[in-house]
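Let the hints inform the model, and build the full structure from the sequences given.
Just so you know, the protein sequences line up as chains U and Z, in that order. For the first sequence, our numbering assigns the number 2 to the initial residue and increments by one for each residue that follows. For the second sequence, our numbering assigns the number 10 to the initial residue and increments by one for each residue that follows.
Note that these hints are calculated values from the structure, not bench results.
Subject to a maximum C-alpha distance of 16 Å in a straight line, what follows is the list of computed EDC-like cross-link-like pairs (lysine to aspartate or glutamate):
| # | chain 1 | residue 1 | chain 2 | residue 2 |
| --- | --- | --- | --- | --- |
| 1 | Z | K405 | Z | D353 |
| 2 | U | K231 | Z | D303 |
| 3 | U | K136 | Z | E454 |
| 4 | Z | K261 | U | E76 |
| 5 | U | K361 | Z | E454 |
| 6 | Z | K176 | U | D204 |
| 7 | Z | K261 | U | E52 |
| 8 | Z | K235 | U | D204 |
| 9 | U | K361 | Z | D452 |
| 10 | Z | K336 | Z | E281 |
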Amino acid sequence: MTLTTEADLAEAIVAANGPLRVQGGGTRDIGAPVDGAELSTRGLTGVTLYEPGALTLVARAGTPLSEIETLLAAEGQRLAFEPGDMRALLGTKGASTIGGVIATNASGPRRIQVGAARDFCLGVRFVDGQGQVLKNGGRVMKNVTGYDLVKLMTGSWGTLGVLTEVSLKVLAIPETEATLVCEGQSAETAVTSMAAALGSPFDVTGAAQMNGQTMIRLEGLEQSVAYRAKALQDGVLNGFDVVEGAASAALWSDLRDVTPFAGKDGAVWRISVKPSDGPALVRELGTMSPDAIYDWGGGLVWLRVADEGDAGAQMIRDDLSHIGGHATLIRASAATRASVPVFHPEPAPIAALTQGLRAKFDPRGILNPGLMGA
Amino acid sequence: MQMPTPDAAILARKDQIVKRLQSVLPDGAVVHDPIQTRVYECDALTAYKCPPLCAVLPATTAEVSAVMRVCHEEGVPVVPRGAGTSLAGGALPTADSVILGVARLNDVLETDYANRMIRVQSGRTNLSVTGAVEEEGFFYAPDPSSQLACAIAGNIAMNSGGAHCLKYGVTTNNLMGVTMVMADGEVVEVGGAHLDSGGLDLLGLICGSEGQLGVVTEATLRILAKPEGARPVLVGFDSNEVAGACVSDIIKSGILPVAIEFMDRPCIRATEAFAGAGYPDCEALLIIEVEGSDAEIDDQLARIVKIARAHNPVELRESTSAEESAKIWLGRKSAFGAMGQINDYMCLDGTIPVSELPLVLRRIGEMSKEYGLDVGNVFHAGDGNMHPLILFDANKPGDLEKCEAFGADILKLCVEVGGCLTGEHGVGVEKRDLMVSQYNQTDLEIQLAVKDVFDPAWLLNPAKVFPLASTETRRAS
Ligand SMILES: Cc1cc2nc3c(=O)[nH]c(=O)nc-3n(C[C@H](O)[C@H](O)[C@@H](O)COP(=O)(O)OP(=O)(O)OC[C@H]3O[C@@H](n4cnc5c(N)ncnc54)[C@H](O)[C@@H]3O)c2cc1C
Ligand SMILES: Cc1cc2nc3c(=O)[nH]c(=O)nc-3n(C[C@H](O)[C@H](O)[C@H](O)COP(=O)(O)OP(=O)(O)OC[C@H]3O[C@@H](n4cnc5c(N)ncnc54)[C@H](O)[C@@H]3O)c2cc1C
Numbered sequence: 002m003t004l005t006t007e008a009d010l011a012e013a014i015v016a017a018n019g020p021l022r023v024q025g026g027g028t029r030d031i032g033a034p035v036d037g038a039e040l041s042t043r044g045l046t047g048v049t050l051y052e053p054g055a056l057t058l059v060a061r062a063g064t065p066l067s068e069i070e071t072l073l074a075a076e077g078q079r080l081a082f083e084p085g086d087m088r089a090l091l092g093t094k095g096a097s098t099i100g101g102v103i104a105t106n107a108s109g110p111r112r113i114q115v116g117a118a119r120d121f122c123l124g125v126r127f128v129d130g131q132g133q134v135l136k137n138g139g140r141v142m143k144n145v146t147g148y149d150l151v152k153l154m155t156g157s158w159g160t161l162g163v164l165t166e167v168s169l170k171v172l173a174i175p176e177t178e179a180t181l182v183c184e185g186q187s188a189e190t191a192v193t194s195m196a197a198a199l200g201s202p203f204d205v206t207g208a209a210q211m212n213g214q215t216m217i218r219l220e221g222l223e224q225s226v227a228y229r230a231k232a233l234q235d236g237v238l239n240g241f242d243v244v245e246g247a248a249s250a251a252l253w254s255d256l257r258d259v260t261p262f263a264g265k266d267g268a269v270w271r272i273s274v275k276p277s278d279g280p281a282l283v284r285e286l287g288t289m290s291p292d293a294i295y296d297w298g299g300g301l302v303w304l305r306v307a308d309e310g311d312a313g314a315q316m317i318r319d320d321l322s323h324i325g326g327h328a329t330l331i332r333a334s335a336a337t338r339a340s341v342p343v344f345h346p347e348p349a350p351i352a353a354l355t356q357g358l359r360a361k362f363d364p365r366g367i368l369n370p371g372l373m374g375a
Numbered sequence: 010m011q012m013p014t015p016d017a018a019i020l021a022r023k024d025q026i027v028k029r030l031q032s033v034l035p036d037g038a039v040v041h042d043p044i045q046t047r048v049y050e051c052d053a054l055t056a057y058k059c060p061p062l063c064a065v066l067p068a069t070t071a072e073v074s075a076v077m078r079v080c081h082e083e084g085v086p087v088v089p090r091g092a093g094t095s096l097a098g099g100a101l102p103t104a105d106s107v108i109l110g111v112a113r114l115n116d117v118l119e120t121d122y123a124n125r126m127i128r129v130q131s132g133r134t135n136l137s138v139t140g141a142v143e144e145e146g147f148f149y150a151p152d153p154s155s156q157l158a159c160a161i162a163g164n165i166a167m168n169s170g171g172a173h174c175l176k177y178g179v180t181t182n183n184l185m186g187v188t189m190v191m192a193d194g195e196v197v198e199v200g201g202a203h204l205d206s207g208g209l210d211l212l213g214l215i216c217g218s219e220g221q222l223g224v225v226t227e228a229t230l231r232i233l234a235k236p237e238g239a240r241p242v243l244v245g246f247d248s249n250e251v252a253g254a255c256v257s258d259i260i261k262s263g264i265l266p267v268a269i270e271f272m273d274r275p276c277i278r279a280t281e282a283f284a285g286a287g288y289p290d291c292e293a294l295l296i297i298e299v300e301g302s303d304a305e306i307d308d309q310l311a312r313i314v315k316i317a318r319a320h321n322p323v324e325l326r327e328s329t330s331a332e333e334s335a336k337i338w339l340g341r342k343s344a345f346g347a348m349g350q351i352n353d354y355m356c357l358d359g360t361i362p363v364s365e366l367p368l369v370l371r372r373i374g375e376m377s378k379e380y381g382l383d384v385g386n387v388f389h390a391g392d393g394n395m396h397p398l399i400l401f402d403a404n405k406p407g408d409l410e411k412c413e414a415f416g417a418d419i420l421k422l423c424v425e426v427g428g429c430l431t432g433e434h435g436v437g438v439e440k441r442d443l444m445v446s447q448y449n450q451t452d453l454e455i456q457l458a459v460k461d462v463f464d465p466a467w468l469l470n471p472a473k474v475f476p477l478a479s480t481e482t483r484r485a486s
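Laid out in structure tokens, this is it:
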């Protein structure tokens with residue numbers, strides 16, 4: 002049965018007598034495999050409000066991401082947090098929904114400058130594990146009325162409630178973009194270059210190393226991008242070349258979608274660390290012969306390793322327990338995902354809070370049980 | 010405004026509680042003399058005052074933890090306090106509560122320019138965070154007007170904003186991690202030098218929780234490289250509608266100013282009389298500031314000017330120098346002071362969708378006549394965060410009540426048009442009872458349930474944020 006309204010969805014949750022597998026577009030086959038009846042939001046579609054002059058858009062959770070992006074593009078706007086298209090990487094089909102994007106806090110390279118999905122979500126409506134319809138936040142840019150459950154719901158992977166509607170802040174598509182590139186830097190040198198660029202006043206909107214190429218992105222008005230590119234070339238990015246237009250854009254969509262790992266086998270980790278820790282972490286894991294892509298100035302490491310044993314989970318997480326950060330197993334066989342915690346294990350006091358919140362939002366424990374760990 | 014009746018049993022045990030607190034803190038860190046506790050009787054919402062049972066001034070996370078353990082065992086409510094600049098009564102004590110002031114926690118723990126972060130103790134003032142990094146060309150972006158005084162602790166608790174948040178976001182967008190002491194004294198680390206959470210976004214939940222979920226003792230903050238320069242343009246219009254339309258057109262054009270500030274006629278007149286910034290006498294005035302190199306600023310201002318001209322402004326002044334910029338900002342920066350010269354005022358903080366600006370300003374004007382109280386509007390127009398300033402006379406019986414009723418009507422109007430009760434000041438005690446106009450009982454109940462998880466005994470700042478009736482059984486238990 003296709004659920005087409007929030008009320009339908011609430012009723013379905015009330016009526017559920019076992020675990021539910023919450024699904025948007027189904028493009029993310031991740032997490033510990035959830036054994037449960039499918040609960041799809043795909044029938045809950047439609048943009049309910051779009052005010053370009055107020056930079057706000059409200060959409061039902063099942064609305065395809067592509068529909069929203071098309072609508073925004075017609076007004077010269079976009080979702081600035083750059084959610085990725087992981088279908089090639091994960092070998093999945095379907096079309097991402099906006100609810101899925103928010104539920105997973107999906108954010109791309111621009112996260113370092115403008116923020117993550119969580120920073121652009123202004124309000125949510127959702128149905129909790131008891132079938133109660135709830136709302137938090139709204140559709141205005143600034144809102145501190147009560148607790149910020151919008152942040153809590155963003156990135157909760159359908160384990161606290163099923164999103165039915167989200168309001169988002171959108172931004173204008175800049176006039177132009179350019180990327181400064183440099184081949185063959187070591188990861189350490191690349192991260193140093195990125196730090197210098199990010200620490201400059203030149204408003205860098207992407208800093209990464211992929212396929213041996215260090216890439217620094219600038220966006221904005223044409224004159225301004227040209228000016229900043231030159232200032233960086235004359236300064237901290239001496240020796241970098243400029244790539245413009247579609248070629249520049251292609252670099253960042255490849256990075257965003259982790260395209261270099263798409264055709265290759267192995268498990269894929271997404272690791273968030275302090276930027277300067279990225280290269281050292283990868284070196285520490287040398288015995289696993291990892292393949293690494295650095296985004297977020299070095300702070301986001303996409304790591305491809307052999308999908309054997311625990312896919313390196315123990316080693317990666319041991320290292321992270323010393324330096325801080327978290328690692329999510331984005332891609333691995335169902336068998337690996339069933340035996341390795343896909344989400345980063347939390348220290349006891351944090352885990353207790355997480356469990357306490359789950360018990361309030363979903364007392365029967367039926368929403369994606371086990372997906373994010375206990 | 011109602012506050013819970015103080016717990017007589019706690020009042021009776023004051024000496025014992027003070028002794029226990031003294032035993033875990035250095036000399037002089039417990040303030041219990043009734044004359045001295047008066048320092049803590051209110052925050053910047055001065056209409057409401059009540060001295061606490063006592064105040065404690067710990068200097069380390071371990072001391073905060075020790076205090077929380079004692080208070081937890083004794084069942085004493087704790088009201089965390091930063092600098093006491095809350096405009097919502099967030100730091101207002103009850104007679105049976107311990108004020109936990111973080112003013113002595115003011116060290117910089119780590120600055121890391123390569124990773125663009127700073128770790129500070131939470132009592133450090135907002136401006137002195139920027140002060141610690143500006144020599145290296147960095148700054149901490151959220152800039153509440155109170156930044157000289159207010160503490161990072163209060164900023165986190167209220168999720169404070171500032172004039173530049175149109176471009177840089179508010180506190181929550183610039184906060185990477187906290188060290189927090191739970192109600193029972195346990196110390197937790199949330200977030201850190203890395204981005205985002207590997208699990209639920211507890212940091213996002215903690216930010217803006219008004220001191221009800223834990224006591225923040227340390228914070229990791231994002232710092233940014235200072236732009237090369239900044240310059241504003243001032244544009245005057247003969248109607249609020251036109252000014253509103255201009256704001257909307259600028260935003261739509263794809264230029265992202267760092268600030269778009271709006272003042273209406275009553276406010277312009279008051280500031281002119283006070284500061285003499287040379288503002289035009291018009292219905293509505295916008296100050297739009299952009300950043301970058303000189304050439305970048307020229308380019309952006311030219312585009313803004315072109316958009317503004319299409320709306321037939323009565324005045325348009327582009328700054329070409331630092332002096333001209335200062336002059337343009339002078340009036341805006343003295344707006345609160347200017348209104349304060351005329352009378353006592355109450356500063357509201359609702360947010361509305363930018364498109365509703367003309368309607369809301371018109372309705373406020375009508376209500377001003379109905380209530381017989383003057384109101385001036387000065388606010389962050391880019392994001393719809395309004396700050397109507399209602400003038401009243403605190404010495405005139407009934408005026409405060411009338412002002413509060415007027416304020417409540419304005420905030421309800423904000424909610425009605427799709428906005429919210431508070432954009433950056435927080436709910437505190439001030440807007441507690443209005444929460445029901447924005448959220449229904451189920452929406453509120455889930456928030457109370459969140460507090461149950463963090464603070465099952467409801468000891469942390471318990472009489473705030475939610476209507477007292479809705480929290481009564483929890484507070485009593
Ligand atoms: C660990 C991980 C990290 C990721 N990181 C990034 C990233 O950094 N950048 C990026 O661009 N993309 C990232 N993604 C991809 C991101 O999750 C997808 O882009 C998202 O759009 C999926 O949309 P979907 O509709 O296909 O969701 P689905 O694949 O259907 O669902 C994804 C998850 O969200 C839940 N969900 C879906 N809809 C709802 C709803 N309405 N309410 C509540 N829960 C819901 C599902 O239960 C499931 O847990 C990541 C994916 C994974 C697995
Ligand atoms: C003239 C003036 C201008 C202002 N301008 C702005 C503005 O532009 N933007 C804006 O957003 N606000 C503004 N404010 C409001 C106020 O300055 C902010 O809310 C500020 O963040 C409060 O900080 P504080 O340190 O003074 O906190 P306090 O007033 O001491 O406390 C505020 C809240 O924080 C809680 N708290 C304090 N310390 C902790 C802690 N360690 N752990 C947990 N909770 C804690 C308290 O319990 C209370 O609920 C202004 C206030 C004034 C007086």
